[in-house]
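Trainee: Chain by chain, the residues:
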Amino acid sequence: MKKIEAIIRPERVSVVKEALELLGYPGMTLTEVKGHGKQKGFVQQWRGSQYRIEFLPKVKLELVVENGEAVKPVVEAIVQHARTGEAGDGKIFIYPVEEVVRIRTGERGTEAV
Amino acid sequence: MKKIEAIIRPERVSVVKEALELLGYPGMTLTEVKGHGKQKGFVQQWRGSQYRIEFLPKVKLELVVENGEAVKPVVEAIVQHARTGEAGDGKIFIYPVEEVVRIRTGERGTEAV
Amino acid sequence: MKKIEAIIRPERVSVVKEALELLGYPGMTLTEVKGHGKQKGFVQQWRGSQYRIEFLPKVKLELVVENGEAVKPVVEAIVQHARTGEAGDGKIFIYPVEEVVRIRTGERGTEAV
Amino acid sequence: MAIVRGWRTPLCGGVILSLLFAASSLFQPVTALAADPSGETTLLEHPSASLDFIWIVFAAALVFIMQGGFAMLTAGLCRAKNVVNLMMKNLMDFSIGSLAYFSVGFALMFGATRGGLLGTSGWFLSGESYDVSEYLLFLFQVMFAATAATIVAGAVAERMKVKAYFLYSIVICALIYPLYGHWVWGGGWLSALPFGVGHVDFAGSGVVHAVGGFVGLAGALVLGPRIGKFDRQGKPHAIPGHSMTLAALGVFILWFGWYGFNAGSTLSALELRSAVIAVNTTLAASSGAVFSLIAIHAITKKLDVGMALNGAIAGLVGITAPCAWVEGWAAIVIGAVAGLIVVLGVLGFDRIRVDDPVGAVSVHGLNGIWGLLAVGLFADGSYGLYTTEGPMVVGLLYGGGVGQLVAQAVGAAVVFVWAFGLGLVLFKLLDVLLRGIRVAPQEEIEGLDVGEHGGRAYPNFTVVDEPPLH
Amino acid sequence: MAIVRGWRTPLCGGVILSLLFAASSLFQPVTALAADPSGETTLLEHPSASLDFIWIVFAAALVFIMQGGFAMLTAGLCRAKNVVNLMMKNLMDFSIGSLAYFSVGFALMFGATRGGLLGTSGWFLSGESYDVSEYLLFLFQVMFAATAATIVAGAVAERMKVKAYFLYSIVICALIYPLYGHWVWGGGWLSALPFGVGHVDFAGSGVVHAVGGFVGLAGALVLGPRIGKFDRQGKPHAIPGHSMTLAALGVFILWFGWYGFNAGSTLSALELRSAVIAVNTTLAASSGAVFSLIAIHAITKKLDVGMALNGAIAGLVGITAPCAWVEGWAAIVIGAVAGLIVVLGVLGFDRIRVDDPVGAVSVHGLNGIWGLLAVGLFADGSYGLYTTEGPMVVGLLYGGGVGQLVAQAVGAAVVFVWAFGLGLVLFKLLDVLLRGIRVAPQEEIEGLDVGEHGGRAYPNFTVVDEPPLH
Amino acid sequence: MAIVRGWRTPLCGGVILSLLFAASSLFQPVTALAADPSGETTLLEHPSASLDFIWIVFAAALVFIMQGGFAMLTAGLCRAKNVVNLMMKNLMDFSIGSLAYFSVGFALMFGATRGGLLGTSGWFLSGESYDVSEYLLFLFQVMFAATAATIVAGAVAERMKVKAYFLYSIVICALIYPLYGHWVWGGGWLSALPFGVGHVDFAGSGVVHAVGGFVGLAGALVLGPRIGKFDRQGKPHAIPGHSMTLAALGVFILWFGWYGFNAGSTLSALELRSAVIAVNTTLAASSGAVFSLIAIHAITKKLDVGMALNGAIAGLVGITAPCAWVEGWAAIVIGAVAGLIVVLGVLGFDRIRVDDPVGAVSVHGLNGIWGLLAVGLFADGSYGLYTTEGPMVVGLLYGGGVGQLVAQAVGAAVVFVWAFGLGLVLFKLLDVLLRGIRVAPQEEIEGLDVGEHGGRAYPNFTVVDEPPLH
Ligand SMILES: Nc1ncnc2c1ncn2[C@@H]1O[C@H](COP(=O)(O)OP(=O)(O)O)[C@@H](O)[C@H]1O
Ligand SMILES: Nc1ncnc2c1ncn2[C@@H]1O[C@H](COP(=O)(O)OP(=O)(O)O)[C@@H](O)[C@H]1O
Ligand SMILES: Nc1ncnc2c1ncn2[C@@H]1O[C@H](COP(=O)(O)OP(=O)(O)O)[C@@H](O)[C@H]1O
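Chains as they are written, first to last, in the numbering used here: chain V, 1 to 113; chain E, 1 to 113; chain G, 1 to 113; chain H, 1 to 470; chain C, 1 to 470; chain Z, 1 to 470.
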């Protein structure tokens with residue numbers, strides 16, 4: 001089993017989510033995060049004096065899939081729908097997952113995903 | 001070392017936490033997340049027009065344990081205390097961890113957990 | 001590729017970030033989390049009756065690096081700059097990462113980091 | 001404040017009036033109609049009425065904004081997940097309540113009395129009551145009725161069904177409040193008690209605040225405590241409110257509105273005692289805040305802002321009955337005692353496992369009683385029966401003997417029995433009628449907003465429910 | 001409210017005045033100067049003026065705080081990411097608008113009329129207009145002009161460029177509002193219509209609210225809907241506001257200020273009808289809230305707080321024109337209809353794809369019209385032409401025939417054509433001049449605060465944009 | 001506003017009064033008692049007093065709500081982690097301060113003067129001072145004292161110990177404010193300066209705002225800047241406030257209350273100049289907002305809402321002294337200059353490393369001075385010494401010569417030396433007595449709420465401290 005973790009733009013979440021559901025992956029977890037990378041932050045102002053916001057709001061989308069083969073279509077769907085072509089589009093990381101448990105039933109392994 | 005990551009209902013956090021402390025695992029990290037899975041969202045209303053909330057609030061509980069043996073009791077404790085039997089109870093994922101460092105002391109490995 | 005995940009004090013984020021940038025690692029993702037460990041919570045009061053805050057605010061800093069060698073300097077930089085020497089300084093966890101994709105370009109692997 | 005029919009003519013007002021009457025006789029006499037909807041006749045016969053209209057219209061507006069103050073205070077002291085529900089209740093208790101008071105309540109309270117028990121004229125402010133003076137009195141009074149109604153919202157917060165609350169709002173504004181009000185301000189039996197000058201309550205420590213507070217107590221008891229408030233051992237757990245800025249704003253707005261509440265209760269601009277009233281209001285609120293803070297700091301070593309905010313309101317409630325009859329230093333003492341009462345009340349109700357989320361029973365109920373008794377203690381004989389005219393109201397400490405204190409104690413006992421008793425009956429009845437006045441546990445945990453209202457208060461923020469995390 | 005030059009002397013005011021005049025003749029006669037900047041002469045000649053000054057200064061202050069009410073209501077009903085922008089617009093429409101009204105608007109509205117079309121004197125309140133009575137009238141009127149201006153902020157929220165909004169603020173306060181105002185309150189042609197007593201509008205359902213509402217409609221149309229409001233199929237999507245506590249606070253503050261708005265529009269403390277006006281204001285607001293809630297609950301089965309809040313304001317807008325001419329029960333009916341109108345309006349504009357983020361067009365525009373017509377239906381003949389003096393205003397239901405209703409309908413048609421028409425021209429023109437009055441899509445998505453204002457409203461909170469997450 | 005003993009009888013007031021006196025002689029003469037706690041005698045002897053009581057009670061209520069305005073503005077401009085602490089300070093500076101002013105301050109300010117230096121009668125408003133007129137004056141004055149006190153809260157925000165602040169509140173209300181107040185309004189030496197008509201300050205640009213502003217400057221200096229405000233190179237870093245909606249609400253409430261502050265300072269309803277005062281207040285605030293926005297936009301190209309909000313208050317502070325003596329256009333100029341001053345002040349204090357979190361020193365201190373000087377420049381000779389009666393106040397630009405400007409400059413110098421000097425002494429002394437008036441660095445970083453108050457303002461929200469994240 002693999003975890004696909006994508007850091008994406010907040011405004012792309014809904015289209016990415018729809019694409020993943022169409023692919024048959026409804027289960028996912030989202031976290032509001034702040035990111036810093038190639039994309040530059042921006043300058044803000046407070047009563048005349050300026051300051052820089054260096055971390056920009058992003059959404060971390062986590063999705064555990066049953067096996068390695070499922071990774072490819074999911075990654076492609078995310079790349080396709082999350083991309084704008086500008087700095088700040090984000091990244092996808094793939095991690096190994098050793099076990100999954102569904103709390104409701106206690107099922108384990110691929111069935112639980 | 002393993003990381004146990006449980007996505008659970010916000011209202012079960014306190015009992016799960018107590019159970020884990022009793023087991024001897026006080027260290028843990030919580031994140032407010034939003035999840036989507038088997039559990040259906042619900043319809044909300046704003047000045048007469050309706051909209052659907054599809055992601056429901058969940059809490060992600062992360063707990064790194066010193067070795068594989070520790071995983072079982074922890075997972076059992078979480079399943080037991082987080083479960084309501086209804087859709088939306090959440091999932092537990094187990095990941096491999098390669099190293100742990102305690103920032104305060106610089107200790108590494110199982111001692112640092 | 002490795003993921004370095006550090007749970008640190010919110011007020012140390014800016015110095016840690018600067019140190020990591022100096023080391024050449026600008027890309028990172030931050031999440032507001034709440035933690036519980038050696039550090040004790042504290043008692044609060046509400047209209048005369050008291051309650052305990054057991055989870056304290058922390059920031060989770062995630063940083064994926066291209067290879068195992070990069071881990072050491074990064075971990076050292078974090079330990080050095082995040083440490084206060086008091087309970088609650090937090091921990092660093094290292095995880096294996098199997099793949100990285102840059103959404104903007106579709107690049108994969110170490111180039112994408 | 002007491003019933004006013006036509007315009008009071010104290011000695012000096014008489015000076016003005018007789019003078020102007022003399023002059024008006026130069027014109028064709030206008031036959032005084034019973035009802036004067038345009039105000040022309042009223043002004044002609046009582047030129048000083050124009051002063052009173054300014055005074056009361058603005059005072060009523062000030063009392064109105066207390067609704068906003070209560071809304072902010074209650075919201076601030078409750079959790080974010082129930083705030084839509086609270087705003088709905090705060091808006092609707094006024095809206096429904098004012099229609100109920102217009103239809104029935106005002107007539108029961110200020111209509112021609114039947115044996116000192118209830119009023120019987122002026123329904124819907126129609127017919128003879130379509131008159132500027134009647135409308136003016138209604139304007140001021142409807143704000144008071146709605147204040148009593150909204151006090152209860154805090155005590156039953158975070159668990160009562162909206163529908164139950166709507167029905168309750170009708171009953172308090174149409175029946176519970178007006179009937180007791182008739183006994184004190186409508187020429188009813190309490191004002192005619194044979195002790196002291198009879199039971200008096202200048203601006204409503206009893207009529208408004210104790211009524212609201214004790215109906216609230218009944219509601220809190222029938223509902224039972226919120227999930228999580230007491231653990232299995234019965235130990236109370238704090239459930240902090242979601243915004244101290246809104247709570248503080250609420251207190252400042254309430255305090256502001258209270259100048260209309262107390263000073264406006266002279267009902268006449270010719271009562272210059274209004275200055276003393278307003279000063280006493282200020283001092284008692286200040287002293288309530290200071291002494292509740294001292295008390296809670298002595299007990300817990302924390303500068304507890306929630307308690308200090310409650311303390312300011314407690315001081316205001318305490319001075320509401322005696323505001324016209326006492327001197328500045330006495331107002332400070334009354335406020336100080338109110339501040340202590342609220343601290344002991346909040347801690348005490350927690351101990352006996354009554355869950356009153358915002359402290360409404362302690363603030364309005366207990367201090368309403370205290371305000372009534374304070375008249376019997378501190379009234380200094382410098383002011384009369386709601387006017388400069390005698391008989392003067394004199395309390396125990398100023399040599400007035402125990403008479404006034406007895407009259408006050410009787411009123412206090414009656415308001416407790418009436419409000420708490422009818423409150424119990426009402427909520428029990430609603431509990432049966434509506435198959436429970438309390439929302440389902442699941443709804444309570446999720447928050448009342450998501451269910452019945454279909455929406456949350458703060459959709460752009462991540463709202464966390466603190467208590468489950470400790 | 002209608003233009004006042006010097007002080008009205010109805011019969012009974014006359015009693016006082018003639019009396020005091022007689023007395024003043026004992027002193028050296030003071031030559032009446034055209035302009036009296038100190039107020040000494042005015043007081044000497046019209047002692048009752050002192051009452052009117054108290055009345056109007058406080059009423060104006062109450063109307064002013066409605067700016068704060070609008071700010072909170074609009075902010076609460078919009079998203080957190082645009083709130084700095086909204087606060088800026090709310091502050092500046094008053095600030096810029098009041099300077100514009102001082103320079104030009106007041107003279108156009110209340111200056112000596114040229115053919116009933118526009119006023120032509122009193123620019124910058126200088127020269128002859130440096131007079132306490134002129135300043136007093138300006139004080140009250142500038143608050144009304146600014147109210148009209150700020151209503152539009154809600155309809156164009158979350159997408160209009162700040163600069164465009166600033167320019168708009170000048171035009172509405174310097175031209176659009178004052179000219180229409182002149183026709184109704186400045187002695188202009190609408191007030192002289194040959195139907196009924198001419199077109200009347202006691203406190204501005206038409207002059208203030210319909211003007212603001214329909215200029216807002218024009219703005220919403222020229223701008224187009226916010227990104228995400230309608231999907232490709234044209235289906236409306238809800239974009240919930242970020243704070244129901246602030247929205248509720250806004251409504252309470254507005255309601256509070258409305259006592260100054262409506263009762264203050266008597267412009268004289270000698271008009272005791274103010275009591276009836278204030279009661280009607282209360283009842284219509286209550287009834288608006290109750291009936292909008294009933295309506296939306298009937299349709300959606302949800303106790304929708306946003307709609308109930310809108311309903312209260314709708315009731316207030318509806319009663320603004322008729323407040324002085326109707327009885328209590330009629331105020332309730334007027335408010336109830338207003339509550340229904342706002343529900344149908346909000347749902348209807350969604351259906352025809354007009355995006356009005358806070359419902360300003362339904363609340364102020366549609367109900368502004370309703371208020372005007374309600375005069376022609378419910379006026380009961382008990383009150384005259386902005387004073388106790390005749391001719392009395394009588395509506396259809398009270399046997400006044402169709403005349404007054406026609407006069408009201410003409411005014412309603414004119415205000416729609418004028419405000420909507422000029423609004424369209426204005427925003428189209430600004431669109432060309434400023435190369436678009438709408439911010440760039442990227443800025444709209446990120447929120448207007450980060451771009452033009454360089455700062456967000458809530459930097460200590462994590463703000464999430466709900467809609468993209470559903 | 002200046003001390004009033006008994007009721008002023010200007011020419012025209014005289015008309016009314018002599019008339020009524022004549023009539024009252026028909027009755028048994030009532031011996032004028034020194035103290036009239038019921039108000040009966042006062043009304044009989046001065047029937048027009050009833051007007052003044054209405055006027056002042058409402059004006060005082062309006063000034064009171066400014067406390068809520070300051071609370072919201074200060075809270076909005078500071079960080080969420082310190083908001084409980086700020087609400088506590090805002091509540092308690094009024095509560096403690098009003099008790100201190102009641103005990104000592106009022107007597108020092110308005111008691112019988114000893115050589116123009118200090119008042120010496122009226123302690124605790126007891127004895128001869130238990131009188132409706134004395135209570136009325138106290139009512140209005142205590143609001144002013146508390147305003148001065150609360151201004152300081154902003155300048156010392158986010159780092160001063162609560163206990164130190166409580167002690168400071170006593171001293172400013174019992175000593176610093178009343179003594180300077182005595183010199184200007186209590187018949188003291190500044191009002192008797194031999195230049196112009198003596199130093200004048202209509203509603204307290206100097207007495208209230210400059211006193212608060214410069215005591216605040218002393219506090220900010222003794223405390224030093226907040227951690228993170230200036231980096232090691234001394235470069236200022238922005239520390240944004242946590243809620244622009246609350247900040248904006250605060251400004252609207254303050255502006256609203258200012259109508260009571262300025263117009264109420266006539267202290268008499270017979271001064272029709274109140275209309276001019278209220279208009280000037282409106283125009284100066286508007287102009288302050290507009291010009292501060294223009295200035296900051298010119299410098300930084302951003303539409304900085306924090307600065308525009310500060311600008312509105314700056315305009316209000318600037319017009320407070322001259323409000324009764326200038327014309328509309330001059331009010332606009334005064335406000336415009338105030339708007340520029342506040343921008344330069346805020347940027348300037350940042351540059352010289354004085355950390356004033358909300359800009360209180362620039363808004364209230366610098367513009368307090370500007371307001372005093374503006375009288376000497378723009379007073380147009382149309383209004384006299386706090387009344388319509390002469391000598392008229394004439395400034396340099398209206399041919400009054402340099403005399404009045406000198407009187408104003410002397411007062412300005414005195415208020416700076418007095419407030420800043422005593423402020424320094426006070427805070428240094430408290431620093432020694434309390435072993436530091438500043439909280440520990442760890443507490444400052446965590447926020448003051450968690451430590452001393454044992455609770456946070458927003459427990460249902462995740463609060464992030466923005467600056468460490470940039
Ligand atoms: N090495 C990394 N480790 C963790 N998160 C990263 C890393 N690099 C980028 N990110 C995340 O991805 C987001 C987008 O990165 P950025 O470099 O701006 O994108 P792009 O490469 O497409 O321009 C960042 O805001 C950050 O949250
Ligand atoms: N494949 C997945 N990857 C990541 N998170 C998931 C996945 N499936 C479920 N979740 C998380 O678990 C939560 C509960 O899932 P759900 O399917 O509703 O539970 P259940 O299977 O017990 O009904 C979701 O809200 C989501 O946060
Ligand atoms: N085993 C663990 N798994 C996950 N997170 C942990 C674990 N132990 C500690 N943490 C995180 O690290 C933070 C600091 O831990 P703590 O034990 O207080 O630090 P220290 O060991 O330096 O005193 C905690 O608040 C928690 O977020």
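Worth flagging that the hints you see were computed from the coordinates, not collected in a lab.
Since this is a predicted model, take the numbers as computed values, not measurements.
Just so you know, not all the hints are guaranteed correct.
Derived pair list, reagent style BS3-like, types lysine-lysine, alpha-carbon separation capped at 25 angstroms [said to hold, decoys possible]:
1) Lys38/V - Lys72/G
2) Lys163/C - Lys301/Z
3) Lys428/C - Lys40/E
4) Lys72/G - Lys34/E
5) Lys428/C - Lys163/C
6) Lys38/E - Lys72/V
7) Lys163/Z - Lys40/V
8) Lys34/E - Lys34/V
9) Lys34/G - Lys34/V
10) Lys163/H - Lys428/H
11) Lys163/C - Lys235/C
The following label-pair restraints were derived from C-beta to C-beta distances [said to hold, decoys possible]:
12) Glu86/V - Leu434/C: 22 to 30 angstroms
13) Gly348/H - Ser126/Z: 17 to 25 angstroms
14) Gly41/G - His297/H: 19 to 27 angstroms
We put the CB at the ideal spot given by N, CA and C, even for glycine.
Trainee: Hints numbered earlier in the text: which of these fail when held up against the supplied structure?
Mentor: 3, 4, 7, 11, 13
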